[in-house]
Each structure stands twice: as C-alpha cells, then as structure tokens.
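J.: Sequence:
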Amino acid sequence: MTVIERKSDDSLQEKGVPYATQDECILADIGYKEELKRHFSVVQVFGIAFSIMGLLPSISSVIGYSLTAGPVGMVWGWCIASACIMVVGLAMAELGSSLPTSGGLYWWTYHFAPENAKRPLSFLCGYSNSLGLIGGLVSIDYGFSLMLLSVVSLATDGEFEPSKYTVYGVFAGAVLTHGLAGILTTKLISKIQTACIVLNIGIIVLVVIALPVGARDHLNDGKFIFTQIENISEWPTGWNFFLSWLAPIWTIGAFDSCVHMAEEASNASRAVPIGIISSIGMCWILGVIVNIICAAVINPDVEAIINTPLGQPMAQIIYDCLGKKWTMAIMSIIFCLQWTMGLSILVAGSRQNWAFARDGALPFSDWLKVVHKETGVPRRTVIMGTFVGLAIGCICMIDDKAAYALFSLPPVSNDLAWLLPIFLKLVFGASKFVPGPFYLGKVLSKIIGIAASGYLVFAIILLMFPTATPHVTTDTMNYVVVLNVGVWIGALAYYFLYARRWYTGPRSNLEDDPRVLDAVRVVNQELAKEESEKANEKQVEEHVERVVI
Numbered sequence: 054m055t056v057i058e059r060k061s062d063d064s065l066q067e068k069g070v071p072y073a074t075q076d077e078c079i080l081a082d083i084g085y086k087e088e089l090k091r092h093f094s095v096v097q098v099f100g101i102a103f104s105i106m107g108l109l110p111s112i113s114s115v116i117g118y119s120l121t122a123g124p125v126g127m128v129w130g131w132c133i134a135s136a137c138i139m140v141v142g143l144a145m146a147e148l149g150s151s152l153p154t155s156g157g158l159y160w161w162t163y164h165f166a167p168e169n170a171k172r173p174l175s176f177l178c179g180y181s182n183s184l185g186l187i188g189g190l191v192s193i194d195y196g197f198s199l200m201l202l203s204v205v206s207l208a209t210d211g212e213f214e215p216s217k218y219t220v221y222g223v224f225a226g227a228v229l230t231h232g233l234a235g236i237l238t239t240k241l242i243s244k245i246q247t248a249c250i251v252l253n254i255g256i257i258v259l260v261v262i263a264l265p266v267g268a269r270d271h272l273n274d275g276k277f278i279f280t281q282i283e284n285i286s287e288w289p290t291g292w293n294f295f296l297s298w299l300a301p302i303w304t305i306g307a308f309d310s311c312v313h314m315a316e317e318a319s320n321a322s323r324a325v326p327i328g329i330i331s332s333i334g335m336c337w338i339l340g341v342i343v344n345i346i347c348a349a350v351i352n353p354d355v356e357a358i359i360n361t362p363l364g365q366p367m368a369q370i371i372y373d374c375l376g377k378k379w380t381m382a383i384m385s386i387i388f389c390l391q392w393t394m395g396l397s398i399l400v401a402g403s404r405q406n407w408a409f410a411r412d413g414a415l416p417f418s419d420w421l422k423v424v425h426k427e428t429g430v431p432r433r434t435v436i437m438g439t440f441v442g443l444a445i446g447c448i449c450m451i452d453d454k455a456a457y458a459l460f461s462l463p464p465v466s467n468d469l470a471w472l473l474p475i476f477l478k479l480v481f482g483a484s485k486f487v488p489g490p491f492y493l494g495k496v497l498s499k500i501i502g503i504a505a506s507g508y509l510v511f512a513i514i515l516l517m518f519p520t521a522t523p524h525v526t527t528d529t530m531n532y533v534v535v536l537n538v539g540v541w542i543g544a545l546a547y548y549f550l551y552a553r554r555w556y557t558g559p560r561s562n563l564e565d566d567p568r569v570l571d572a573v574r575v576v577n578q579e580l581a582k583e584e585s586e587k588a589n590e591k592q593v594e595e596h597v598e599r600v601v602i
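Per the working numbering: the sequence shown = residues 54 to 602.
It should be emphasised that the hints constitute simulated quantities derived from the structure, not laboratory data.
You may find that some hints are simply not true.
Claimed, not checked - Below, computed lysine-lysine pairings styled on DSS-like, alpha-carbon distance capped at 27 angstroms:
{"id": "1", "residue 1": "Lys240", "residue 2": "Lys86"}
{"id": "2", "residue 1": "Lys90", "residue 2": "Lys240"}
{"id": "3", "residue 1": "Lys90", "residue 2": "Lys426"}
{"id": "4", "residue 1": "Lys499", "residue 2": "Lys485"}
{"id": "5", "residue 1": "Lys499", "residue 2": "Lys171"}
{"id": "6", "residue 1": "Lys495", "residue 2": "Lys171"}
{"id": "7", "residue 1": "Lys485", "residue 2": "Lys86"}
{"id": "8", "residue 1": "Lys485", "residue 2": "Lys171"}
Let the hints inform the model, and build the full structure from the sequences given.
T.: Structure representation (structure tokens):
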C-alpha cells in the first residue's frame, strides 16, 4: 500500500469522508488499526531508549564485569563492542523504518521466514523478546537495589551489610512502583523521557569534570589507561577480554525499545530508525569518555576495587576521588536515574507484550490485549510484566553467582530476537523487503546484515559462559543457560504441542474498524489521482518540446 505524506484535508472531512494520517496508513498496510495514542516525538522515542540505557547508572551497575580485564577491558572492550552493536542497530533501523509496528521483531520474523517456518520462528522470537524485556526490568532494578544499599553502607561506614533478602525487598519495591507509574498516560510518560535525557547527560558532565579534579594528585597515565590489561579470572586473558564486553552489551541493549514504541510515535518510519541509531551512537561516544575518565582516576589495584566492602565498584571509585559526602550525593542521583530506566523498559516491554497478545500468542491474550480507553495504555500487560519480573527476581536470593544471570538474561534473549529477523531478511527476504525512508542501499544493507548476524551469534555464545572460571560447579554456573534455553525449548514445545492449533502468526484487526480501510482507500485514491495528473502534465511538456523542436 502506498501512502502520501500530509497532515490534514479539511475538504474531505467536511464531506464526511474519514481521514487517515500517514502513520495510520502505514500501520493499516501492516494489518492493524490504531489503538494507542501517538504522543512520542522523534526526540522522545530516542529518549526512551537513552533512558533505558541510562549510561552512567548502567556503567555503575556492570563496571565490575569490565574491570576483570582492567583498563583495556573498560576502554577498548567498550569501544569494540559498541561498534558491533551499532552494526546491529543499523540493520534493525532499516526494518523499523520499513515496517514500524510495536510487535516489530516477531512480526518481521514471520514476514521474512519461509512459509513452513513462519509460525514457530515468529512464536519463538516473540517469547524470547518478551523474556529479554522483562529480564531487562529485573536486571535494572536489581542493580538499582545494589546501588541504593551501597549508599546506605557508605553512610554507616560499612557497618550495614544487606542480606540477600534485603536486596530482594528493595528490588521488589522498585518493580512495584514501576508498575504503578507504568499505567500513567502515554503523554505523561513521553514527557518523563525528555527530562531523563537532560538528567542523564547532566550527571555524566558532572562526573567527567569532578572525578579528575578530585583525583588530580594521583591520576593514571595514558599507558595505564589504554594498555594496562588485567586478568582477574581463571579464563585465558584473551577470552577474559571478550567477557568484559558484558558491560557495553548490557548497557547498550535497549535500542529495540524504539521499535516497540512505534505505534505511539509520530512519523514512526523516521522516528524509529533515528531513535535506534542516535541512542547507540550517543552511548558509544559518551561511554568511551566515561570509561576513560574512570580508568584515569581508578586505584591501580583493580582487584581491590572489584571486591570493595561498599559492594559497588563505581561507589568506591567516586569515594576515592571525592570522599564520602560527594559519593553519597552522586550515587543517590545515579540510583534515582536507574529507577527511571526501569520505568522506561517496563513501558517498552508492555507494548511488545500487548502486540504479542493482540496476535493471540500469549496465554489469556483476549484479556491482555485490552487497551485502557481513557489513557490509551495497555495497563494489563504493564501489570503482567510487573508480576513476572517479581518472580524472575527471586533468582537473586540464591547467591551472587546466580544473580549474574540477571545481567546476562536480557542480552541473550534479545540477541536471539534480533538475530532472527535480520538473518531471515538477509537469506529469504530480499524480494519481500520494501525500504522505508532509512535505507543503506542494496550492497551495504547486505554487508551490514551479514556482520550483524555473525556478531549476534558470537554474543549469544559469549554470554552463556561463566565469568569467573571454566570449571563449572553449582556455585560458578551461569544460570542464564538454564533460563534462556529453558524458555526457548518451552516456547517451541508449547507451540508444537498446543499453540500451533490456534496461533496463525500476526493477524489483522482492521475488520474491527472498517472506517480505517475507508480512510486508507481515500488516501490512495487521491495519490493515484495526483500521479495521473503529474503524468499528464509530463506528457504535455514533452509534446510542447517536440513541437518547438
């Protein structure tokens, strides 16, 4: 279906003819009527991804993983992994520009997959993506609880040592407050994203300036920052360096949230790719700067920083530079921003789950797909995400090693969900792909697709490994293998044993509102008329030219 770009047509409305915006026409072409309210601008679509990434709060949560490889892991690990993630972002931006829908990944998987694999692969992709987004909420709020409690520990000079049950209690409080905030109107949540952009950049500027000033008497030199490699694990040094990539992989892992907000974005076919690419690029550049600053001011005894009694390596780094009061102030701002990260990812995840329920893929889909009429928010999927998150978070009460799975869970789940549509478009979908406003061109698009697919396969394998040692025991086990593989096998088993009887893939709901089809038909008739008039004008001009000659 072809659409024309315009904002209004009073003459048609005066005649009683229904009118469809460009976004409505594109969505109708995909097969859906509009149910959500489009209150997100291009900047706010970028904002929801940038807010979830929450650069400094995220680095604070996972800096311990990059520190195991020393400054080289912090700086070069971030730089290389970010470049790989940008390649994936470019591939996804093309898809988001061509087919902007909240279902995104599983919808694209169905669209590009061969006929006999469409339904099971779409089903698997949707469940993996849903797990990744809810897992993202869990890992963010687990990091939030650790940061908040590290401030309490600092305030009591280390006398307060939280138990794993205390950690879960704080985590649960964060998740529940996100659930309450997540049912607010779309317009209010979009305003929060604008504020988050300003606050996140502001705290980065503060830390980048304050830490070197505070550590001016003991700054590390360039050789230490860019060439000092550590190996605080039992893995070979090279593999340990790859494991340090967990920090950027986890941090810059929310750009698909732009896709899930597509049905609430104005000019979605442009807003989605801009949001994806700009959020990755911003975190790549600012992340390198933050990591260089941290490497410049850090205590050269990296192992002591990792094992700090404060329970948070970033808190120790700030404390060594600025002292107790400044550390408490900065860490308090950081964990407040981390709270907004959790809210944003719950909102994005609820839209994915709502779209999945709209297509009948989730249990109780008929109940979950209902949109609250007054707010335009899928409140029931917000509530679902809240309680599933609380259940998954119980892992943190096992032990610290099990809690590591909370940080590997989102990227592993999302990487598979990203891999499927990108790979299927590359191999099977060339003839089906219709470029949107953002398109890399036939050759470069294929190169990007190959590179993105290769990286995602590597990342999935990498994130399955234990971080500390190759000698696997119940204590050193990376439980993300159990969680992710269990969900993947469970999703496919559920499909083949039961869901295949009724899940037919994405299904149109346009018949529920025939006015949408009427409006789109009017738009296309007008476009055809305009094209015909232009063709006639061109013929007249050519005839005049021939007469003159």
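J.: Are there hints from earlier that the structure breaks, and if so, what are their numbers?
T.: none
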